[in-house]
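Asks: As a plain string of letters, each chain reads:
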Amino acid sequence: MIKWLGGVGNEEDVVVSTRLRLARNMANYKFPELMTEEEAELVTNQILNTMRDNANPYRFYRIKDLSDIEKNVFVEEHLISPNLSERIMNGSFLISSDEKSTIMINEEDHIRIQVLLPGLDFEKGWEISSEIDDLLEGEIEYAFHEQFGYLTACPTNAGTGLRASAMLHLPCLSMTGHINSIIEGLTKIGLTARGLYGEGSKVSGYLFQISNQTTLGEREEDIIKKINKVVVQIVSRERSTRAYMLDKKHTEIEDKVFRSLGILNYSRIISSAEAMNHLSNIKLGCDLGLIDNMDPKEILSLMMDIQPASIQKSTNTIMTEEERDIYRAQVIRNNLINMEV
Amino acid sequence: MLCQICGKNDATVHFTKIINGNVEEMHLCSSCAKENKDIEFAFDFPFSFQKLFTGLIDSVQDKGLQEKDISCQCGLTYKEFLESGKFGCAKCYDTFTGDMDSLLKGIHGHNRHEGKIPAGTKDKIIQKKAIDSLKSELEKSIKVEDFERAAYLRDEIKKLREKTRDI
Chain A
33 MIKWLGGVGN EEDVVVSTRL RLARNMANYK FPELMTEEEA ELVTNQILNT
83 MRDNANPYRF YRIKDLSDIE KNVFVEEHLI SPNLSERIMN GSFLISSDEK
133 STIMINEEDH IRIQVLLPGL DFEKGWEISS EIDDLLEGEI EYAFHEQFGY
183 LTACPTNAGT GLRASAMLHL PCLSMTGHIN SIIEGLTKIG LTARGLYGEG
233 SKVSGYLFQI SNQTTLGERE EDIIKKINKV VVQIVSRERS TRAYMLDKKH
283 TEIEDKVFRS LGILNYSRII SSAEAMNHLS NIKLGCDLGL IDNMDPKEIL
333 SLMMDIQPAS IQKSTNTIMT EEERDIYRAQ VIRNNLINME V
Chain B
115 MLCQICGKND ATVHFTKIIN GNVEEMHLCS SCAKENKDIE FAFDFPFSFQ
165 KLFTGLIDSV QDKGLQEKDI SCQCGLTYKE FLESGKFGCA KCYDTFTGDM
215 DSLLKGIHGH NRHEGKIPAG TKDKIIQKKA IDSLKSELEK SIKVEDFERA
265 AYLRDEIKKL REKTRDI
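Those protein sequences? They're chains A and B, same order as listed.
Heads up: the first sequence begins at 33 in the working numbering, then just goes up one per residue.
Heads up: the second sequence begins at 115 in the working numbering, then just goes up one per residue.
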């Protein structure tokens, strides 16, 4: 199973994960876009030196040392951003042993701290990310402005540099179309909904990322409180819609879930997009109690394991799209059989 | 729908060509559309969010900075900033600052940071605020010709300044 999904989280029937990201820059260095290789190396070394004595061991990777498949697996598992994986010259990252914390180096900003937790837990996420932040700040002078706060390459991140997001599984709000009015409402209160892999990515498997849009002018605790309140409301609306559908449209829901199970159990060729939709239906079936011999977390983990790069990693060979689709169908069949308890 | 040229990516650009009554429909992905000579008007791929917010900068100031060809010590010019919407270094916030307040207010609805402050900087900011308040007190004392008090305040400011330098 994907490591960071480990442990018990809150509201896991709807909330897949909570993520906090802090953008920081070092004073006296150009931002990554303009810096030379030598400067990038100095920045990297300072961060490494600071983290070296940390009680929790971190693994260190340079983007240039990773194969295309390897770096895309990190992206597909949400451990690094797609943007970092493209920083071939100067990008690198540190990752904690439980894979819940990542420090990305020389992405758009010198430092991007990410904390990823299963279920809903913004408070703990903020606590962990702020601790890492304090640790770095002990040794590193940050670019900080009295009025504008933490300075970032993009002014849309300035201030707190905090992006807090929750990944939600909203199949019933999507099926009923209620999701559209929710997304519309979110933008009115400074929040935004995105697809599975963040900015610019498509919604897949009814998974939505809800995050704050603005970072300046509100305290971190207030940003987190606001988004938490909204997420709790969406969770309760998704649950009530699920209950309603289970009551009024029981056979239709059952049909959807078991049809997906049938397809995944017997298909021989399947694209990641199609597989995501069926796995999403199966997760819903688990959460509704229609399927009682599978762990919904294993399904979530499988959703990431069947992405294009992750599929190729297990065999360590580069495959064509067709080969991937065939192998994916096989991986899903095997996993579903093994999953049954 | 897949792109008609590469057949790999989703078609996101759809256009209809009518020449002498012959209607031809094209469905292309953004990268093939960029290379297609039939589409001569400049596409902005993808829709630039950055341009949307750099558009928030006051146009009078914008013209001034552009005409003067202002650039920051990191080498970034004002024009480049408007194109990319990204700063080159922390100093850019001061270099292009003329209307930073309204740019940030336009993006965030606020232009003053609330929340976490790096511990080292926190002390500096507190000292700076203390110095500012002593300075305004000093001015008042001079106005009312209370020179004894003014001398005392001047020494206090000097002391605080030295202390700040040590942080």
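A portion of the hints provided could be inaccurate.
Stated by the list, open to error - With a cut-off of at most 30 Å between alpha-carbon atoms, the simulated DSSO-like pairs for lysine-lysine come out as follows:
#1 A:K257 with B:K122
#2 A:K261 with B:K122
#3 B:K122 with A:K258
#4 B:K219 with A:K96
#5 B:K200 with A:K220
#6 A:K257 with B:K236
#7 A:K35 with B:K219
#8 B:K200 with A:K281
#9 B:K200 with A:K345
#10 A:K345 with B:K122
#11 B:K219 with A:K220
Calculated from the structure, these hints are not laboratory results.
Asks: The structure should be examined with respect to each hint, and the outcome stated for every one.
Replies: Evaluated hints:
{"no.": "1", "hint": "A:K257 with B:K122", "result": "violated (43 Å)"}
{"no.": "2", "hint": "A:K261 with B:K122", "result": "violated (42 Å)"}
{"no.": "3", "hint": "B:K122 with A:K258", "result": "violated (41 Å)"}
{"no.": "4", "hint": "B:K219 with A:K96", "result": "violated (38 Å)"}
{"no.": "5", "hint": "B:K200 with A:K220", "result": "holds (25 Å)"}
{"no.": "6", "hint": "A:K257 with B:K236", "result": "holds (24 Å)"}
{"no.": "7", "hint": "A:K35 with B:K219", "result": "violated (40 Å)"}
{"no.": "8", "hint": "B:K200 with A:K281", "result": "violated (50 Å)"}
{"no.": "9", "hint": "B:K200 with A:K345", "result": "violated (35 Å)"}
{"no.": "10", "hint": "A:K345 with B:K122", "result": "holds (22 Å)"}
{"no.": "11", "hint": "B:K219 with A:K220", "result": "holds (16 Å)"}
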